[in-house]
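Enquirer: Sequence:
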Amino acid sequence: MHFLTSFLILFLSFSAIFAQTNNTPAQTDSAAGQSKILAIIIQGNEKTKEEIITREMKLKQGDNFDEVLAQQDQLRIQNLGIFNRVEVANIPTQQGVILVVTVSEMWYIFPYPIVFRNDRDWSRISLGAGLLYTNFRGRREVIDFSFWLGFNPSVRLAYTNPWILGKLKFYTSISVFARKIRNKFFTGLEADVDEERIGFNWRIGKRFGHFTYFDVNMGYQQLTVSPDTLNVTLSSSGKDRLPKMGFSFTYDSRDLWEYAHKGNYINLWLTKTGFFSEVTDYVRFGADLRKYIPIGPTTLAFRGAANLSRGETPIYDWVDFGFFTRIRGHFSERKSRVNRVIGSAEFRFPIRRITYHNLGPFESIGRYGSNFRFGISGGLFVDTGALWGVSDYVQLQIQDNNKLDTDDFISGWGAGLHVFMPYNNLIRLEYAFNEDWDGQFIIDALITF
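Under this note's numbering, think of the first position of the sequence shown as 1375, with each following residue one higher.
Since the hints were derived computationally from the structure, they do not count as laboratory data. Please note: incorrect hints may appear among the correct ones.
As the list claims (entries may be wrong) - Pairs of lysine-lysine, DSBU-like flavour, derived with a Cα cap of 30 Å:
1) K1636 <-> K1580
2) K1636 <-> K1423
3) K1554 <-> K1613
4) K1580 <-> K1541
5) K1665 <-> K1646
6) K1541 <-> K1410
7) K1580 <-> K1421
8) K1541 <-> K1434
9) K1543 <-> K1646
10) K1434 <-> K1665
11) K1432 <-> K1541
12) K1709 <-> K1646
13) K1580 <-> K1434
14) K1410 <-> K1636
15) K1543 <-> K1410
16) K1423 <-> K1580
17) K1646 <-> K1580
18) K1543 <-> K1423
Modelling step: build the complete structure from the supplied sequences, incorporating the hints.
Expert: Right under this line is the structure:
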């Protein structure tokens, strides 16, 4: 395949030179002609279909070459999440430019053992197994089957297709699940209450251009707790049936999703739970706004987000701190309420630029074991957030005036290292302080936003 690609590049180059020597003298638009893209060649995509790559590119054959657009195309292809490395090069000729996109594919099918911590808590370990197919049919479709025991035992099957119906640019995902989940509100009260959940979710949406998405989602869930456990379900029987429907609008112009340097992210959403029921009837809605400002090689990043509710919201659908969402400086403090707002600011700077390596132990899987990345960046951060509000049916047990006050906010700040690892993984090593200058060391995965 590499031989054929190289041969094609040489053929196009010599053809362009030959054509130039036999044509009339250059016309007034010759400068534009010399930058015209004669061909786009994709190489390294042994598994991935070529159109999956080219549809992410703004530059097309016949366009004038633009270095900035080429860099943006490179990052958009990287955002597909199925390549270790993406390179975009241009080969100038007398007639124009040949654009060569070289990708290094990740291994795409993983029968894997499952060992993970729940809610970022090392005492809540789950063990299991799964099968993840991240590039099914070479079209970036994802099939994920998994089950695990231990804390919050679950079984789940999910399918995602990021592009259906051709030029219409629709996408869809569906999942079915059964799980037992420890209730977070009662965990904050040092009590153990488990919920049994079974259901499905389906989402279908449309992509507009490269940055804008709109989708509709629907699902059904049946949730059961022991009847002698009070104030968990809305129904006195201990079993709630929860049909839901909602929508989401997203505008995402970030250059690199996993670690943005510039761009904007806007997500607005609403979900209605319960229809034609006197027991279950509430709405959740929210927004997530992010801004990334490049300052040379450094980045100034901001985030503000809200998750709000209207109606009689059951405890199992409250929001929280101290589980998945955390305020650094108050990293291990747990609390649940009906509504949540958060805000963050970070200044990120490179320490050791990202480099790519071929590691000996992985050479047996060929190109899928090449171009493993490593790098280090640093960050200074400030986090703040607040939880407030309780539902009427537990108002007597919890003292809350259902209004957002300044006393509801908690804040923290600090600094840390961001270690870039192979296969789009990132480890954060941070030290944070709260308002009283009490410090804590944090080890976590992925960037906060």
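Enquirer: If a hint holds in the structure, say so; if it does not, say that too.
Expert: Evaluated hints:
1. Using a Cα cut-off of 30 Å, the hinted pair K1636 and K1580 holds, with the two alpha carbons roughly 24 Å apart.
2. At roughly 29 Å between alpha-carbon atoms, K1636 and K1423 fall within 30 Å of each other, so this suggested pair holds.
3. Pair hint K1554 plus K1613 holds up; C-alpha atoms about 14 Å apart against a cutoff of 30 Å.
4. The straight-line distance between the Cα atoms of K1580 and K1541 is roughly 10 Å, inside the 30 Å bound, and the hint therefore holds.
5. Of the pairs offered as hints, the one joining K1665 and K1646 holds, with about 28 Å between alpha carbons and a cut-off of 30 Å not exceeded.
6. The hinted pair formed by K1541 and K1410 meets the criterion: a straight-line CA distance of about 25 Å does not exceed 30 Å.
7. This hinted pair checks out: K1580 and K1421 have alpha carbons roughly 25 Å apart, not beyond 30 Å.
8. Simply put, K1541 and K1434 have alpha-carbon atoms about 16 Å apart, close enough for the 30 Å limit, and the pair holds.
9. A threshold of 30 Å between alpha carbons decides the hint, and for K1543 with K1646 the separation of about 26 Å falls inside it, so the pair holds.
10. For the proposed pair K1434 and K1665, the alpha carbon gap of about 29 Å is at most 30 Å, so the pair holds.
11. Note on K1432 and K1541: the hinted pairing holds, with a Cα-Cα distance of about 15 Å set against a maximum of 30 Å.
12. This hinted pair checks out: K1709 and K1646 have alpha carbons roughly 24 Å apart, not beyond 30 Å.
13. Between K1580 and K1434, the direct Cα distance comes to roughly 22 Å. Compliance with the 30 Å bound is thereby established for this hinted pair.
14. With a C-alpha separation of about 28 Å, the suggested pairing of K1410 with K1636 holds against the 30 Å cut-off.
15. Proximity of K1543 to K1410 is assessed by CA-CA distance (about 27 Å); at most 30 Å being required, the pair is judged to hold.
16. Between the alpha carbons of K1423 and K1580 the distance comes to roughly 21 Å, so the proposed pair stays at or under 30 Å and holds.
17. Simply put, K1646 and K1580 have alpha-carbon atoms about 20 Å apart, close enough for the 30 Å limit, and the pair holds.
18. Under the criterion of a C-alpha separation no larger than 30 Å, the hint pairing K1543 with K1423 is consistent with the structure, at around 16 Å.
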